[in-house]
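Student: Single-letter residue listing:
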Amino acid sequence: MSLDVAIASYGETPVSRCRKDKGELILTAEQYLSWAAKLTLDKVGLTIRDLDGQGLAISGPLVQVSELWTGEIAEVLGASPKILIRSDHAGASAPMLITQATQQIRSGLVDMVLCLGGGARIWEEGMMFSPHQFGYEFERPFGMDGPNTKFGMVARRHFDLYGTKPESLGKLAVTQRLHASLNPNAYLKQPITMKDYLDSKIICDPLRMLDCSIVVDGGAGFLIASAKKAKELTDNPVSLKGFGTAINYREKSDVSPDILVTGVKPASRTAFEMSGLKPKDVSIVHCYDDYSIMALIQLEDAGFCEKGKGGKFIEETDLSYRGRLPFNTSGGLLSAGQLPAAGSFTGVIEVVRQLKGEAGARQVKDARTGFMSSFGGGSYDLHLINTAAIVFGSES
Amino acid sequence: MGEEKHSPSNPLTQPFWEATRKHKFVMQRCSNCKRFHWLPVPRCQTCGGDLEWEELSGKGSVYTYTVVNRAVRNKLFADKVPYLVAMVELDEGPRFIAPVQTKDLEKVRIGTRVEVTFEDVDAETSLPRFKLV
Chain E
447 MSLDVAIASY
457 GETPVSRCRK
467 DKGELILTAE
477 QYLSWAAKLT
487 LDKVGLTIRD
497 LDGQGLAISG
507 PLVQVSELWT
517 GEIAEVLGAS
527 PKILIRSDHA
537 GASAPMLITQ
547 ATQQIRSGLV
557 DMVLCLGGGA
567 RIWEEGMMFS
577 PHQFGYEFER
587 PFGMDGPNTK
597 FGMVARRHFD
607 LYGTKPESLG
617 KLAVTQRLHA
627 SLNPNAYLKQ
637 PITMKDYLDS
647 KIICDPLRML
657 DCSIVVDGGA
667 GFLIASAKKA
677 KELTDNPVSL
687 KGFGTAINYR
697 EKSDVSPDIL
707 VTGVKPASRT
717 AFEMSGLKPK
727 DVSIVHCYDD
737 YSIMALIQLE
747 DAGFCEKGKG
757 GKFIEETDLS
767 YRGRLPFNTS
777 GGLLSAGQLP
787 AAGSFTGVIE
797 VVRQLKGEAG
807 ARQVKDARTG
817 FMSSFGGGSY
827 DLHLINTAAI
837 VFGSES
Chain H
121 MGEEKHSPSN
131 PLTQPFWEAT
141 RKHKFVMQRC
151 SNCKRFHWLP
161 VPRCQTCGGD
171 LEWEELSGKG
181 SVYTYTVVNR
191 AVRNKLFADK
201 VPYLVAMVEL
211 DEGPRFIAPV
221 QTKDLEKVRI
231 GTRVEVTFED
241 VDAETSLPRF
251 KLV
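Line by line, the protein sequences give chains E and H. My numbering puts the first residue of the first sequence at 447, with every later residue one more than the last. My numbering puts the first residue of the second sequence at 121, with every later residue one more than the last.
Just so you know, these hints were derived from the structure itself, not from any lab. Remember, predicted model here, so these are calculated numbers, not experimental data. Every residue gets a Cβ at the ideal spot worked out from N, C-alpha and C, and that includes glycine. Just so you know, not all the hints are guaranteed correct.
A short, non-exhaustive set of chain H residues, derived as facing chain E with CB atoms under 8 Å [as the list claims (entries may be wrong)]:
1) 155
2) 207
3) 252
4) 253
For each label pair, taking beta carbons as the anchor points, the in silico distance ranges come out as [what the hints assert, rightly or not]:
5) E:699 / H:152: 15 to 21 Å
6) E:606 / H:152: 34 to 40 Å
7) H:223 / E:647: 49 to 55 Å
8) E:655 / H:223: 33 to 39 Å
9) E:606 / H:130: 57 to 63 Å
10) H:130 / E:700: 40 to 46 Å
11) H:134 / E:493: 54 to 60 Å
12) H:175 / E:580: 21 to 27 Å
Computed list of chain E residues with no C-beta within reach of chain H, every gap over 10 Å [what the hints assert, rightly or not]:
13) 471
14) 569
15) 591
16) 594
17) 595
18) 600
19) 607
20) 641
21) 700
22) 702
23) 726
24) 827
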């Protein structure tokens, strides 16, 4: 089916870890979002005035802000949109904003919505505070150390139940770093080897340092529009083919869920069904990889391989930009960097960039269809809170 | 950054902390459908029934675990590395996360039987931990 909605444009600012000694940027969230808006609009010859009467969608910056921060961003931008959409879906923000913006566009209320994400959490308060409060009092006094421990536990179970090996996760890390070396906007560009991976320090067994994302400050944006409007703005819009979401999905049991199956399973089913496509039709994939193990699990949940066979699949498949299933061609959160509550913008933008044929040295040949999935929030019981999947196509 | 406290209780979770002070391990159970809940919630998530705190056996099996080699943000545990923290599936169904107190980390595997014990961290606070059965 056709949803008659497309991504017309996108923009990414440089990213930073606020290292003055390395000459890195130190900017506020507002500066990053404003910069991302400018990059996104410039690309299709628009100014902020063109957003008058249209939509503006903002992902929260993962640090404490006022309850009307989204409106304040509009104020900072000088924008006068008709509707404001706010995401507090953390790692699922971009597909969740796409889902909401699509409804507004299809209803005819607006023709386009500018979606912005990112922020300056390193500059504002050092490393991230626990992203959610429910259950927090039962984590730190019990030895939990945020997501490192949670996803270490997920990985341990996957390793033990399915025989998954460190080398499989290592291949993801090495391949993604190769991609990052070809992405001028990536934070970690130095290629790594399997030995580098295996030698990297174990943080929460079995996860190593190189299984964890690198947190960065920065901004990202994309412009989503009706198919008609998108065609007016650009020669190569990327169509939204299908989307799916799931909140607090628990496989099998509410009390004792199977933590190795995530909401990406139902979300991707919905997205694929809507698109009329199947995993085998997809030319590029971008899965949210705050931890390498979660990228592997999403490959399984989305149906690119069987549950439990993710490790084997990764080992047998060339996942590089020249391979059979180009995967996380931006370098992903492991290497390109994880924006505050906007890691999923990286996935959406990379898939769009590839389908537009604008990925430069890491361009995937003949990329026609792309899949992205992401999640926000690993809960106390290790299920994922917000999950979403999107199928994009280069043809309407 | 968050204040580091062992038992930051609120009205919803207070009964749990009061019980642990007496070395009792309790969770909420639905008075209607009998479902156990962990974490504490305002109402039964299955049937909407009222919840009552009930003592558990404290026995269960390791569902998964990790050995923490670096506690980046948890100041309470930074000097305890390496330590093993497990998610234990209790015999009553719900899962509870706590460190397993053992000198031999190799003894803990998925499926290993454990039971709750209590660590008295100060005059007012006792924290549930697991020990090998």
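Student: Hint compliance check: list the failing hint numbers for this structure, sorted ascending.
Tutor: 3, 4, 7, 8, 9, 10, 15, 16, 17, 18, 19, 21, 22, 24
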